[in-house]
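As given, the protein sequences belong to chains C and U, one line each in that order.
The working numbering applies: residue 1 is where the first sequence begins, and numbers increase by one.
The working numbering applies: residue 1 is where the second sequence begins, and numbers increase by one.
A few of these clues could be false.
Keeping only pairs whose Cα atoms sit at most 25 Å apart, straight-line, the calculated BS3-like set for lysine-lysine is [stated by the list, open to error]:
1. U:Lys58 to U:Lys80
2. U:Lys92 to U:Lys53
3. U:Lys96 to C:Lys10
4. U:Lys97 to C:Lys20
5. U:Lys6 to C:Lys69
6. U:Lys92 to C:Lys20
7. U:Lys80 to U:Lys97
8. U:Lys18 to U:Lys58
9. C:Lys44 to U:Lys80
10. C:Lys23 to U:Lys75
11. C:Lys10 to U:Lys92
12. C:Lys74 to C:Lys23
13. C:Lys44 to U:Lys96
14. U:Lys97 to C:Lys69
15. C:Lys44 to U:Lys67
16. C:Lys20 to U:Lys6
17. C:Lys23 to C:Lys44
18. C:Lys22 to C:Lys44
19. U:Lys75 to C:Lys52
20. U:Lys5 to C:Lys52
21. C:Lys44 to C:Lys74
22. C:Lys44 to C:Lys5
23. U:Lys5 to U:Lys18
24. C:Lys74 to U:Lys67
25. U:Lys50 to C:Lys22
26. U:Lys96 to C:Lys23
27. C:Lys20 to U:Lys96
28. U:Lys96 to C:Lys22
29. C:Lys10 to C:Lys74
30. U:Lys53 to C:Lys20
31. U:Lys96 to U:Lys50
32. C:Lys52 to C:Lys10
33. U:Lys5 to C:Lys74
34. U:Lys50 to U:Lys18
I should point out that these hints are in silico values taken from the structure, not numbers from a laboratory.
Small disclaimer: the values here were computed from a predicted structure and weren't measured.
Chain by chain, the residues run as shown.
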Amino acid sequence: MNIAKVLDAKGVACPMPLVKTKKAMKELRAGEVLEIHATDNGAKSDLTAWAKSSGHDLIDSDEDGGVFKFWIQKG
Amino acid sequence: MTDTKKTNIILFSGEYDKAMAAYIIANGAAAYDHDVTIFHTFWGLNALRKSEKMHLKKNVLERAFAKMMPRGADKMGISKMNFAGFGPKMIKDVIKKHNAVPLPELIDMALEQEVNLVACTMTMDLLGLQERELLDGIEYGGVAAYLGEAEDGNVNLFI
């Protein structure tokens with residue numbers, strides 16, 4: 001996987017993970033992957049819905065010791 | 001990407017919690033690449049007030065309104081359990097504890113995300129609020145300004 005950027009969105013609550021992800025995604029080129037780390041419980045459903053609506057691809061997600069990880073490919 | 005979608009929120013209420021809900025939705029919608037507008041009317045206008053005291057030409061009633069209404073987002077009460085001003089302190093503590101974003105920062109973030117903040121001029125007149133008292137970088141309009149955006153809006157909320 002071609003991870004272009006890792007975004008640390010740990011320790012911030014709604015709507016910050018979404019706002020930060022959007023901002024970070026803006027700087028990527030189509031096909032590049034953004035890795036996001038978040039601790040907000042709502043991040044999973046929020047980022048899944050956001051990726052779908054914004055035309056990006058949520059490739060994978062994972063949880064590791066309370067940290068949610070997401071890999072979103074820019075569409 | 002498809003055509004830009006529109007989110008329009010009418011913020012009528014002047015309480016911290018209600019304004020916070022409005023601004024969280026607005027910031028989320030901006031992250032969704034929506035064209036977002038918040039129309040502030042009646043008590044919602046207070047979210048746009050600058051915090052500093054100003055000496056402006058006002059009549060007695062307008063001065064009374066200016067004094068009784070919160071001077072800016074941070075001074076708003078909450079809609080439930082306000083407890084004569086203790087409630088907002090509690091809420092702000094909880095916001096901090098849970099790493100949520102306080103209302104004044106949500107408003108800054110909305111401006112940064114190019115959310116259109118509109119103040120309703122008719123209710124500004126009723127409450128005696130003048131442009132100089134409100135934040136810089138906002139717009140002014142009436143019912144047509146709202147309807148123009150709302151008629152092809154995808155999300156329309158009244159808070």
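Consistency of the hints with the structure:
1. U:Lys58 to U:Lys80: violated (32 Å)
2. U:Lys92 to U:Lys53: holds (23 Å)
3. U:Lys96 to C:Lys10: holds (15 Å)
4. U:Lys97 to C:Lys20: holds (20 Å)
5. U:Lys6 to C:Lys69: violated (30 Å)
6. U:Lys92 to C:Lys20: holds (22 Å)
7. U:Lys80 to U:Lys97: This hinted pair holds, its Cα atoms lying about 20 Å apart.
8. U:Lys18 to U:Lys58: violated (29 Å)
9. C:Lys44 to U:Lys80: With a Cα-Cα distance of about 30 Å, the restraint between lysine 44 of chain C and lysine 80 of chain U is violated, given a limit of 25 Å.
10. C:Lys23 to U:Lys75: Not OK: lysine 23 of chain C and lysine 75 of chain U at ~30 Å, beyond 25 Å, violated.
11. C:Lys10 to U:Lys92: Given pair lysine 10 of chain C, lysine 92 of chain U holds - Cα atoms ~20 Å apart, limit 25 Å.
12. C:Lys74 to C:Lys23: holds (12 Å)
13. C:Lys44 to U:Lys96: Holds, because 22 Å separates the two Cα atoms, which is no more than 25 Å.
14. U:Lys97 to C:Lys69: Roughly 23 Å between the alpha carbons, so the hint for lysine 97 of chain U and lysine 69 of chain C holds.
15. C:Lys44 to U:Lys67: violated (44 Å)
16. C:Lys20 to U:Lys6: holds (20 Å)
17. C:Lys23 to C:Lys44: Distance ~18 Å between lysine 23 of chain C and lysine 44 of chain C Cα, so the pair holds.
18. C:Lys22 to C:Lys44: Given pair lysine 22 of chain C, lysine 44 of chain C holds - Cα atoms ~15 Å apart, limit 25 Å.
19. U:Lys75 to C:Lys52: violated (38 Å)
20. U:Lys5 to C:Lys52: With Cα atoms ~15 Å apart, lysine 5 of chain U and lysine 52 of chain C stay inside 25 Å; holds.
21. C:Lys44 to C:Lys74: holds (17 Å)
22. C:Lys44 to C:Lys5: holds (19 Å)
23. U:Lys5 to U:Lys18: Within the cut-off at roughly 24 Å; holds.
24. C:Lys74 to U:Lys67: Answer violated: lysine 74 of chain C to lysine 67 of chain U is near 50 Å, above 25 Å.
25. U:Lys50 to C:Lys22: violated (29 Å)
26. U:Lys96 to C:Lys23: holds (23 Å)
27. C:Lys20 to U:Lys96: holds (19 Å)
28. U:Lys96 to C:Lys22: holds (23 Å)
29. C:Lys10 to C:Lys74: The given pair, whose Cα atoms are some 21 Å apart, holds under the 25 Å limit.
30. U:Lys53 to C:Lys20: violated (34 Å)
31. U:Lys96 to U:Lys50: holds (23 Å)
32. C:Lys52 to C:Lys10: holds (22 Å)
33. U:Lys5 to C:Lys74: holds (19 Å)
34. U:Lys50 to U:Lys18: holds (19 Å)
In summary, the numbered hints that this structure violates are 1, 5, 8, 9, 10, 15, 19, 24, 25 and 30.
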